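On the provided structure of chain A, position chain B as indicated by the hints.
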Amino acid sequence: MTISRDGAAPSAGLSRRTLLQGMAMLGAAGLLPGRAFAQDTATIKWWDIFQPLIPLHEKVWTDFAAANPAKVEYTPGNPADMMQSLQLAFRSNQLPDVFSVPNGNAATINSLQAAGWFQPLADSFVFDKPFQKEALAEGFTNFDGKPYSFPIFAIRQTSTSLWFFKDDLAAAGMDAETGPESWDDARKAALGATKDGKYGLILPLQFGDRMKAHLIDLAQAAGAAGEVDWKTGDYAHASQPFLDALEFLMSFQKDGSLHPASSSVDARQGRSRWVAGEAAMFFDGPWNSGVLNGSFKEQIDLISVTGQVPYPKDKASAFNYRAPSTGTFYMSAQSQHPDLVTQVLQMLTTDEYYVALAERMDQPPLDPTAVERANVHPAYKKVVTGYQEYVRIAPDPLVRNTAVGQVYAEMRDVTPGLGEILQGAFSGAFSDPKPILQQYADQMNRERDRAIEAAKGKGAEVSRDDWVFEAWQPGEDFTADKY
Amino acid sequence: MQQNSKPVMARIWADRWIYVFLLPTLTLVGAFTIYPVVASIWFSFLDWNGFERAGSFIGLANYNELLADPLFWNAFKNTVVFLVLAVPLRVGLALLLAIILNAHFPLVRVFRTAIFLPVVTTAAIVGVVMRYVLDPTGGPLNIALLNSHILGQPLNFLGSAALALYSAVGIWVWKWLGITLIYWLAALQTIPRDLYEAAELDGAGPWRQFRCITLPLLTPFTLIITLITVIDATNVFDLMLTLTGGGPFYATEVIDIYVYRQAFTSNVPRLGYASAAAIFFGIMFIAVAAVQIIALRRVRSGRHDQ
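Quick mapping for you: the protein sequence lines, in order, are chains A and B.
Residue numbering for the first sequence follows my numbering, starting at 1 and increasing by one per position.
Residue numbering for the second sequence follows my numbering, starting at 1 and increasing by one per position.
Extracted from the complex, chain A is given alone in its bound form:
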């Protein structure tokens, strides 16, 4: 193409041999610098879904490239289709050196580890401050005793603080600083704020995973241990706290204070409509501060947040529980640069990084004290410091028995899931949610039993008793000595 455009087409007296020689030389010229470059500088390919963290990570990558013969090539991913991209990349031997796993719960991580996706961090990796050591756990971040990954975010956090416009709450006759902390107050505030085309609350009903997180957080505030009742080891989705939490969420619809568009919005759309003033309140996690700061700067000072997940009655007995978390970034088994990858990941474990991470106002950093030293919005500080008061460490069967990882790897999704059941309740697909929740809990129990049998068939030593934690007490951390 280039040759004929330049007027040096073969017909213009150029012999075939000359042309081929010329093409070969061009090809060599194109290849040589690349080859020389590849020998000098390694390229670390990095895919993740943390768009708000890009500026922070770009600085880390620049520092890393300045100190090492390597550079990071970053590709941002969309949480919705990242998993598809990773699957295709794995099967075609093109996994990036570093990647994050969206919805990286213990079940998915164990499935991926079993399929040979990861490799352990190099021996040079150091992670020994007390809050760091507490964050490493077999089956979550470690496999066969070796660290594969680590969380950059704090374990103690929730997704369900109630964010609100201070003026709307004041106009509804509520305390605009504290906010509606109890369920009754939240309901009253929503009703009071519903007027002149504005609604009290908007819920992201189309985002099943987020609604599930809200329901579990609210059920825990009402006394549930979590999805599993640790005293019996059974799934507890039809227990009273879950029913109460669902009834609380539904009450906004009953009162007419729920934005009718809730059924067709996800978290991003819901947040935009809330910020645009269509609703007074919105349930969200701490990252809401970061998003507001990034995209809705004019509104950020008009907004405040409750210091706790709203609770039904008694503040003193309202707690939330979080199990140890899986890692944030993983090194691909296909990576040829384990030492360099370990070095760049090590840069995400410094005090400077934790403070800078807090300043992004996304999920709180692993070191909770970093928030005190960081320049953050008061609402973010309120939410994150609150976690220390009411979020407790939950037990996890995987910590007790690593063979549980094989059960998780065998377990399949049960549908309809909690998020869809909520959607169904709001859309009028059924009038009584209790039997549907009971059916879900029963199906989860059966699916786990099936997975236990399948794992046993492959030699795992595991039983349903691994999900029973007699020592669990409401409101207490389930520390290592209690296992």
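Misleading hints may appear alongside valid ones.
For lysine to aspartate or glutamate, the following EDC-like pairs were computed, each having C-alpha atoms within a straight-line distance of at most 20 Å [said to hold, decoys possible]: (1) A:K458 - B:E52; (2) A:K456 - B:D47; (3) A:K482 - A:E470; (4) A:K458 - B:D47; (5) A:K195 - A:D167.
Read the hints as simulated data drawn from the structure, not as lab findings.
Please read these numbers as outputs of a predicted model, since none were measured by experiment.
Just chain B, lined up with the frame of chain A:
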């Protein structure tokens, strides 16, 4: 005849250029049509989460599980309801409009263009835009219905489980009406004008002309247009995903969305199970299409017999 008596290899050699020119097409069809179909059939016998390089063979277990999965039958039902409602509506409405727009009156081209315009709009964009149009607060449709006092309360077209599928049918029919209209207009052009003139001389009114000339002569076209529309109506993935994502509570989950959910959006994907669902539905669909083609042949041979 002389050529046929030659050995096969000699015949292939003699026609070698034909085969050389066929090769690119054969390669592309093989790689992008035949291979995926064969691969899906093979995948449907595997237990495969997609994280591993290959799945393990489990025979017909996926199909057995599928037959017992209420959500598969829900998706199946939704697809059938969609077909049963949307196909006659689109075919019938387009015929009615074609008959009107086949006449010559002012601005007929403008009307044809207006009806055809949604066809060239991307389905995914239509899905997104319609979410705003049908929004219960601030959506123009609800505002219009409220202001004209047809409704006292806004309707949640896409958020109510009882309404969502019907809303989707309406949008789909509106979006594709134009293309069916073009088919019908082309079909109407094939009817000789002199038949109508003769009928008019015999004193037949418009209704009689329609019943005794237009309808019988359009029958073979009806079958082809219906077949094309039925095939279209099973490929509503892009519209449904952007419009409702299959919700609320699976109310609009058609087979395409069900397969997509199993294969890609579950926390632990199930490629084998998703393939089984696609293949099973494909077989059912081929059966329906076969019945239609047989009917078409019967009609044709009936016409020849006359």
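With a cut-off of 20 Å on the C-alpha distance, tell me whether K195 of chain A and D167 of chain A pass.
holds (14 Å)
K458 of chain A and D47 of chain B were given as a pair; does the straight-line alpha-carbon distance stay at or below 20 Å?
Answer holds: K458 of chain A to D47 of chain B is near 15 Å, not above 20 Å.
Next pair to validate is K458 of chain A with E52 of chain B; report whether the Cα-Cα distance is within 20 Å.
holds (17 Å)
Pair hint outcome, K482 of chain A versus E470 of chain A [Cα-Cα no greater than 20 Å]
At roughly 9 Å apart (the allowed maximum being 20 Å), E470 of chain A and K482 of chain A satisfy the hint.
Just to be careful, I want the Cα atoms of K456 of chain A and D47 of chain B compared with a cutoff of 20 Å; is the pair within it?
holds (18 Å)
Of the numbered hints listed earlier, not one is contradicted by the structure.
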